[in-house]
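Asker: Line by line, the protein sequences are chains U and L. One point on numbering: in the UniProt record's numbering, the residue at position 206 of the first sequence is 206, and numbering is uninterrupted. One point on numbering: in the UniProt record's numbering, the residue at position 433 of the second sequence is 433, and numbering is uninterrupted.
Since the hints were made in silico from the structure, they are not lab data. Small disclaimer: the values here were computed from a predicted structure and weren't measured. One or more hints might be untrue.
[Claimed, not checked] As a list, the in silico DSSO-like pairs of lysine-lysine whose alpha-carbon atoms are at most 30 Å apart:
| no. | chain 1 | residue 1 | chain 2 | residue 2 |
| --- | --- | --- | --- | --- |
| 1 | U | K192 | L | K147 |
| 2 | U | K386 | U | K368 |
| 3 | L | K612 | L | K627 |
| 4 | U | K20 | L | K386 |
| 5 | L | K656 | U | K233 |
| 6 | L | K666 | U | K309 |
| 7 | L | K666 | L | K641 |
| 8 | L | K79 | L | K144 |
| 9 | U | K56 | U | K368 |
| 10 | U | K178 | L | K34 |
| 11 | L | K210 | U | K233 |
| 12 | L | K166 | L | K152 |
| 13 | U | K20 | L | K210 |
| 14 | U | K386 | U | K28 |
| 15 | L | K713 | L | K635 |
| 16 | L | K210 | U | K198 |
| 17 | L | K713 | L | K688 |
| 18 | U | K198 | L | K34 |
| 19 | L | K163 | U | K198 |
| 20 | L | K386 | L | K34 |
| 21 | L | K666 | U | K233 |
| 22 | L | K190 | U | K192 |
| 23 | L | K34 | L | K166 |
One-letter residues, chain by chain:
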Amino acid sequence: MEIARGMDFQVVVLAGGFSKSLVPLVSKKVPKALLPVANRPVLSYVIDLLEQKNLKDLIVVVEGETAAHSVSAWISGTYIDRLHVEVAAVPEDVGTAGALRAIDHRLTAKDILVVSGDLVCDVPPGAVAATHRRHDAVVTALLCTAPASGPSDSGSSGAKDKAKKPGRYNIIALDPTKQFLLHIAAGAEVEKDIRVQKSILRAVSQMEIRADLMDAHMYAFKRSVLQDVLNQKETFQSLRRDVLPYLVRSQLRSELLSNGVQSDENGNSKDAMQNAKILPSQLLANASTPSFHELYALGPDGSSSITRKTHKCCVYIANKSKYCARLNSIQAFSDINRDVVGDANHLSGYSFSAQNNVIHPTAVLGSKTTVGPQCMLGDGSQMGDKCSVKKSVIGRHCRIGSNVKVVSSVIMDHITIGDGCSIQGSVICSNVQLQERVILKDCQVGAGFVVTAGSEYKAESLAKK
Amino acid sequence: MVAKKGGNRGEDAEDELKREPLQAILLADSFATKFRPITLERPKVLLPLVNVPMIDYTLAWLESAGVEEVFVFCCAHSKQVIDYLKNSKWFGQPNFAVSTIESHDSISAGDALRLIYERHVINGDFILVTGDTVSNMPLIQALKEHKERRRKDNNAVMTIVIKQSKPSSITNQSRLGTEELFMAIDPGTKQLLYYEDKADDRKGTISLDKGLLMDNASISLHNDKQDCYIDICSPEVLSLFTDNFDYQHLRRHFVKGLLVDDIMGYKIFTHEIHASYAARIDNYRSYDTISKDIIQRWTYPLVPDVQFFGNCASKLERRGMYRASEVGLSRSAQIGPFTVIGNGTSIGSNTEISDSVVGEDCVIGSNVSIEGCYIWNNVTIENGCKLRHAIVCDGVIMKSGAVLEPGAVLSFKVVVGQQFIVPAYSKVSLLQQPVIKDSDEELEYDDNSSGIIGIPSISSTPEKLNDQFGTKLSDSQRRAGSEVGDGGVGFIWSLGEGGHEEEWRHSVAPIPADKLIEIIRTATDELEISNQDGNFLPPSGELEPDSVDNDSDEDARDDYSYFEKEVEATFLRAVHENVKEDHIILEVNALRLSYNLTSTDCASALFYSMMKLASDTPHDTPGELVKNVATVITKWKQLLKDYLSSIDEEIEVILKFEELCLESTKEYTPLFVQVLHLLYDQDVIQEKAILDWASEKEEAEESDKLFLKQAEKFIQVCINILK
């Protein structure tokens, strides 16, 4: 399991800051990285995943000093003995590329694994790293099956999603061997036409365009190349939107490697590319058939009278059975919480009871109160009589009255819920007080908010001003 | 047709298969001019391909593939085609009915199909091919797939046959000399979703409608397939041509028309063949390639030593040499590999022939060298001639010592004088080159060389041709003679537009090495240019920016900055060369239109140019700078005012000035109020514009109010004046 470590990878976790799309779920105290998924911060999923593969030296990049503080406090409390984690604070709104630029001086390894801190998945990062190394790629991206709007969605939203389905995730072009990334665009940003470069199609002869894959935001980058791009292209803000498409677009007319070599000492493999008269015989001796990049680099007559610079952009496509989701919207927050205590409960790290739920031993249930399958009830929480909980996550130290119904909702910590409340499809943040007979449907309630008795809300976002 | 299909569809369809004889339409006219001048005298389908007329290959294949009824559509030289068929064994075959449909005024495949539709002879699915197709593919499988698809979906009207063929990475053309083809195909259903040949454009990207991914989970894009021009069509295809009377070309109009039309929902599918052979002779290069394929037996059983129709059996000898029974071969003659020698031909001593086809009854002298040539029947080649990669038609006489350089084409009965060297890629004919007429018809269809080109005068009967050309021949015989050497007869055709440049692409001669190097070099240059561009131009479309709305913004800003530069250049020219104001206005207006901008933008760009001029004029102190501004503004204010038709434009000028102070020309920063005052004094801007600007700025962020504060007093004055 030392594979990725032995291969000299440095891991950067981009944990974000106070993501605007997650208001009112995030607050000064709870940055995005610490939002609970099945009662533990979402960031822990990525860190655990990396830890399993023995990737213990991490740089966690957080936007904003306050957020960095919270994250740092949580990490040192949780992983103090096991991991070596550096938390780096970068200014807010610099984007993912900006964040890497800001920690540029700390990047020293040959390759960098960049993982988004909001990723909840069970795909081994070592597989991505291995693919990356095998092809000597400049970038390798993890792609996973885009979640189809499955039956678990509520009916109405499912229909809507279907209508706009091709726009939802990425539009990705791969070579027939499904190893190389030839084109990538965010589905929502393609207005009408998908524009594919002919030069790449000519070189590869055949490509496959797919809309059913999603960029999981886990990338392996060649460090020198990443740094070159970040330095040369100062306007690039996002890895996903700028850096990756740029690398993909320029793969057959690379502007990178030459510069990379000049400014870089560890380019042994690239020196070979530099002196790039790879003779056909050499390629054949290489046992594996040359990729279209190599053939293209040889020039059309194969005699390398003209050498073209190329670089490879690879993909690792996760198996369909793997779970992979990013917590980047309120909808995703609800979905992931549902999945982690539901279909993908192996990710949660808890052992589920025979009823397929997790009820902490210290939790107290009143009489005739039922907690259904795919539910979680945190420690110290109390529930009154005749309550019913279905497909929901309830945090720690909540006090819930009697006759309360909770369906498909996430209830965080230290929440007081009065008698007779009904909560459906909603997210309730910490320290919220719901007085008696509150009815919430598809709502989000920000931290510390008080909902007065008897009020009824539907599809609203409630938060303190 | 759908309505009657009820429960047991399978049986029904099979019945249908049995009931209706399989029909085919064979277009014996390619509606193109690529084989000129040869096709002025003989229709393309009758040209010999390895000593057998092309149409015989097509008919033999159709017969073997189970087609029962063929309609041969003839237009150009229709009489010759009909006469040939009448004298051949094709008429009166059992189970294979061949009939002809004659037309004199069709100028495209579209016209032909419309005519056939009117005849009401097609009553089921049919095969559509041209008479220059060489294939040995079985049709059963493709036909079955087609019919099955149709049973499920009545809109599946056509299946086109494709074959793996990677275009050359240098010339981007296939081995058949046709342009590269980009296709998008649904990998599951094999539905054709996109079709682009070179005729479209030379853009660097392919644009696929995003909507395609809505219906198809994935799409395969191909640059490695060749269109065989063998189509399995439903009867609707004919009526579609009739409905869309502007459809001419099978691919460019019909296929693309159906693909973009999403109202009717017609679908086209592809059938890829792997083991069998199918190709169409589109140009001289494919003539060469396919001839070699036949000799190398890729088209088996359609090969010279198998008697598949009225051809003379020849014997296959070692190293791919075919020799007919009665060949007079000198002992010292050397016949190289992959060569076919026809019946009755005699070859003199010390003559070398390789990779060539020689027809019947030819007389080839001694010490002749022939390499990669196609020599048809009754050709006389005298001693010491040298021929490389050329086509020599029937009845040609080459006097001793004549030379054909690669790519030369000698049409019927041309005589080449002694020692004459026919230059590379030249075409020689007894007929004079027709003058290109500027009729509307031609302009409309003659849009490029790969297309369908029908010129009515050529599509006429040979008698007519003789009327047109024959008389001229005798008059100009002497002149003609001088063009091909002493004692020669024939005209050397001048190359068409595009000339020599493109000639090598479609010639029988292999592409010369220096040409290849040249292309590689230009391609690399282009690559470098595009590389440089990549550094400062915003990469296109979806690839670039952070959000969609930003995107268009960026474009607009970019446009504007180019516009600004051009306006500045125009203005400076006016200053230095004393151009009249009217003319500048005219030029700026033209720029405005071409960039699609508003007059506000003009005002702002002009103002910018003036201020730039003022700041570029040498000055030492800020005071001098203000003087400069005053001079420029005084001189050119009329011009500026021409674009200040409303308050909005005046505000724009102030905003522009603010931007100038902040960004490009910081010198102006302390002078903001002074210049503003100046503009006011010069009547360039009015009080109201200043006040509006001020109130607009009132809501801005603190940092943005710098100039507002500077101008506070002045604004107060304006308020007072207005009161």
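Asker: All hints, please: hold or fail.
Answerer: Consistency of the hints with the structure:
1. K192/U to K147/L: Outside the cut-off at roughly 34 Å; violated.
2. K386/U to K368/U: At roughly 5 Å apart (the allowed maximum being 30 Å), K368/U and K386/U satisfy the hint.
3. K612/L to K627/L: holds (14 Å)
4. K20/U to K386/L: violated (80 Å)
5. K656/L to K233/U: Since the Cα atoms of K656/L and K233/U sit roughly 28 Å apart, the hinted pair holds (cutoff 30 Å).
6. K666/L to K309/U: violated (43 Å)
7. K666/L to K641/L: holds (25 Å)
8. K79/L to K144/L: violated (36 Å)
9. K56/U to K368/U: violated (46 Å)
10. K178/U to K34/L: Roughly 41 Å between the alpha carbons, so the hint for K178/U and K34/L is violated.
11. K210/L to K233/U: It holds: about 29 Å lies between the C-alpha atoms, which stays within 30 Å.
12. K166/L to K152/L: violated (33 Å)
13. K20/U to K210/L: Holds, because 29 Å separates the two Cα atoms, which is no more than 30 Å.
14. K386/U to K28/U: Roughly 36 Å between the alpha carbons, so the hint for K386/U and K28/U is violated.
15. K713/L to K635/L: holds (28 Å)
16. K210/L to K198/U: Roughly 17 Å between the alpha carbons, so the hint for K210/L and K198/U holds.
17. K713/L to K688/L: holds (15 Å)
18. K198/U to K34/L: It holds: about 27 Å lies between the C-alpha atoms, which stays within 30 Å.
19. K163/L to K198/U: holds (20 Å)
20. K386/L to K34/L: holds (25 Å)
21. K666/L to K233/U: At roughly 26 Å apart (the allowed maximum being 30 Å), K233/U and K666/L satisfy the hint.
22. K190/L to K192/U: Holds: K190/L and K192/U sit about 23 Å apart, inside 30 Å.
23. K34/L to K166/L: Between K34/L and K166/L the Cα gap is close to 23 Å, so the pair holds against 30 Å.
Hint check: violations occur at hints 1, 4, 6, 8, 9, 10, 12, 14; the rest are consistent with the structure.
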